[in-house]
Amino acid sequence: MTAPLVLLDVHKSFGPKEVLRGIDAEIQEKEIFAIVGPSGAGKTTTLRLLDLIEAPDRGQILYHGRALEPRSGAALEQRRRMAMIMQNPATFRASVFENVAYGLWLRGVPRVDVRGRVFAALDFVGLLGAAQERADRLSGGEQQRIAFARAAVLRPEILLLDEFTANLDPANVRALEGLTLRFRDETGATIVIVTHNLFQAKRLADRVALLLDGRFAEIAPSVRFFRDPSRPETRAFLSGEMAY
Amino acid sequence: MALGGRGTSGRIPDPLPWPSFVAAWRIAAVLAGILVLAGLAVTWGSVRAPSVLLATTTSTRDSGLLDYLLSHFLEDEGISVRYVAVGTGQALDAGRRGDADVVLVHAPVAELAFMAEGHGLCRSPVMRNEFVVVGPTSDPAGVRGLTNATEAFRRIYGSESLFISRGDNSGTHIMERQIWSWVGIQPTASRDPWYKESGQGMGPTLIMASELGAYTLADDGTFFVRASSLALEIVVSSDPPLQNPYSVIPANPSRHPGVFLAGAVAFAKWIVSERGQSLIASYTVDGHQPFHPTGEDRC
Amino acid sequence: MPIDFEILGIVWLSLLVATTSTLIGSLVGIPLGAIVAIKEFRGRNFVRTLAFTFYGFPPVLAGLLMFLLLSREGPLGFLGWLFTPMGMILAQTFLVVPIVMGITISAMMAVEKRLHETALTLGADDRQWRATALHEARAGVFTAVMVGFGRAISEVGAVLIVGGNIRGSTRVMTTAIVLEVSQAHYVEATVLGAILFVISFAVFILLQRLQARGVV
Chain A
1 MTAPLVLLDV HKSFGPKEVL RGIDAEIQEK EIFAIVGPSG AGKTTTLRLL DLIEAPDRGQ
61 ILYHGRALEP RSGAALEQRR RMAMIMQNPA TFRASVFENV AYGLWLRGVP RVDVRGRVFA
121 ALDFVGLLGA AQERADRLSG GEQQRIAFAR AAVLRPEILL LDEFTANLDP ANVRALEGLT
181 LRFRDETGAT IVIVTHNLFQ AKRLADRVAL LLDGRFAEIA PSVRFFRDPS RPETRAFLSG
241 EMAY
Chain B
1 MALGGRGTSG RIPDPLPWPS FVAAWRIAAV LAGILVLAGL AVTWGSVRAP SVLLATTTST
61 RDSGLLDYLL SHFLEDEGIS VRYVAVGTGQ ALDAGRRGDA DVVLVHAPVA ELAFMAEGHG
121 LCRSPVMRNE FVVVGPTSDP AGVRGLTNAT EAFRRIYGSE SLFISRGDNS GTHIMERQIW
181 SWVGIQPTAS RDPWYKESGQ GMGPTLIMAS ELGAYTLADD GTFFVRASSL ALEIVVSSDP
241 PLQNPYSVIP ANPSRHPGVF LAGAVAFAKW IVSERGQSLI ASYTVDGHQP FHPTGEDRC
Chain C
1 MPIDFEILGI VWLSLLVATT STLIGSLVGI PLGAIVAIKE FRGRNFVRTL AFTFYGFPPV
61 LAGLLMFLLL SREGPLGFLG WLFTPMGMIL AQTFLVVPIV MGITISAMMA VEKRLHETAL
121 TLGADDRQWR ATALHEARAG VFTAVMVGFG RAISEVGAVL IVGGNIRGST RVMTTAIVLE
181 VSQAHYVEAT VLGAILFVIS FAVFILLQRL QARGVV
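Listed in order, the protein sequences are those of chains A, B and C. The working numbering applies: residue 1 is where the first sequence begins, and numbers increase by one. The working numbering applies: residue 1 is where the second sequence begins, and numbers increase by one. The working numbering applies: residue 1 is where the third sequence begins, and numbers increase by one.
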């Protein structure tokens, strides 16, 4: 079975600045793959490349072994099999129900199915009673849960999380981490998570990658990464980094 | 697992409306489309009944004569006439462009040019009114009772009494400038402080003259209609060159094939017929008869 | 002084012309505005500036241009729309489109870029995002329509020149006021003005209520 995501020598520059200088990784099905590293290392860029929002300057990203043209119909189809949750939830000026149903509407899911799926997703994140509320009036934690439901309802095979609990209080952080694990266990999705929070990485990830100077300095299973990393950079990063 | 959700699970909300995004816009657009079509249909209906478009000057409208005549024309002939009342120049221009079916104006020289250019089918004299000099009851220039406008203007100039000009190239304005040329001068607002140009229609000009206690040249029809609210009186009248003849000219179908010729000619013939002429003669304002019939059917 | 049912006809025509112009102007201006706001194309800034400049296009000048176009001698003379309500609607639509388009562009460009990213990550293509952004900006777009209507109902220069202020046919409230003033019937003119004001006010209140209820 080909891996759902393979990065081959991916480069990306923004103007004169070369952010990614050749990253290689093979992300396995059903795994939770965490990317950690200092700010500005290119973690978010990596996710955007994976989500087909941007295209690499050099190198390839393979989806189940296939490379895709950035603006093609195949790319749009692949994008619709993935979902991303970002740090600041952007909710539409509409009800919670409508927000969660948005992706289903985009994909032309028939009306009869939408209601059931949306309610199931809302139940999953525990916001069933808020379905008719205006989404932009809810608290930060609730909005992030809406964002999660919005992504989960699409049953993505790949879920991308970009520092998605960075702005939340510990209770909400725990809640969303719980949802993430449950989601992986119940649907078998592949999850790539970018985080500052090393404790979060430790709690969630199967494997952890350290992005440093535009390259993956080390990729290792979570336990080994934290307890006995093979690279000196990793050691330095782990000791010097302040997690919050 | 405590997820801290709002409300209890197990309570399913009532059916919710479908996300509005494109659906609402589609509904709105369809509604709008329907309304627009309805609007267009109504508009179309109100204009499709054949009607004559008459281009005329403001004096026939402001004196009230036109509405009076047209209501009778509709009764007699069953043809409705819509009219635009603009300046002489624009009325004849409407005829030149073929936008009007028939014109009713009072500018003999311009009318002859109009006919010579072939825009008119035929030209029939209809009626005349006259231009009068009106002024304040105090009569600072001492012109009351004169029957010679040229002399009156000379005295106004000599005494530097306030005078308001139309200043808008209307028939009245052209007449006024003609009289000044007979006096031998052409006052201008910049050089002569007693001479003011309103640049407006007869009504506002008369009001200005009344407010400022000034003289002005007016057509008697428009003056009679307003006289009661003005502090002015006629000081010079019955001067032969100031007679103001009106003609009716249907458009020439060979130059302007789209015009409603039957209606235009019907109107032209009717207004110079006995019926039309007697209506003109019987039209009075405050006891004055502003228009005198001079009709001859040349069509 | 026009008789009472004549006033009704004048009011009705004002509403008809203004509403139709606003509707057509919106049907054209909103999608155009949406495209200009979102789609990247060469000369986009120029088009935007053009739309904003036409906000202040003098209505009388629009009237003059329409007059020359619609006159029998003009290129659109075959339509026979001069001195008719259709011509007036055409002239006012010309004035309304840039207003609706310009305000729509502003409203849509105010939609957060983050929302665009969110929509993309959830699987939106360009057309779908345009519809979504339009929906997000709906309050501003609604304002655009209201402002367009305000311009149409209060306009006098274009409808006077193109319509001719013909009694029973192309006379609207604003041109009727002009006529009454020119004949020094100031009381009548003020009455008409008051009616115009009350009607505009009523329309805007109605629209505001609709907006508050979320219908629009």
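One should not assume that every hint holds.
What the hints assert, rightly or not - Simulated crosslink set (DSBU-like; lysine-lysine; CA at most 35 Å straight-line): (1) A:Lys202 <-> C:Lys39; (2) A:Lys30 <-> A:Lys17; (3) C:Lys39 <-> C:Lys113; (4) A:Lys202 <-> C:Lys113; (5) C:Lys113 <-> A:Lys30; (6) A:Lys17 <-> C:Lys39.
Source of the hints: derived by calculation from the structure; they are not laboratory data.
Checklist line | Structure-inconsistent hints, enumerated in ascending order | finding: Those not satisfied come down to hint 1.
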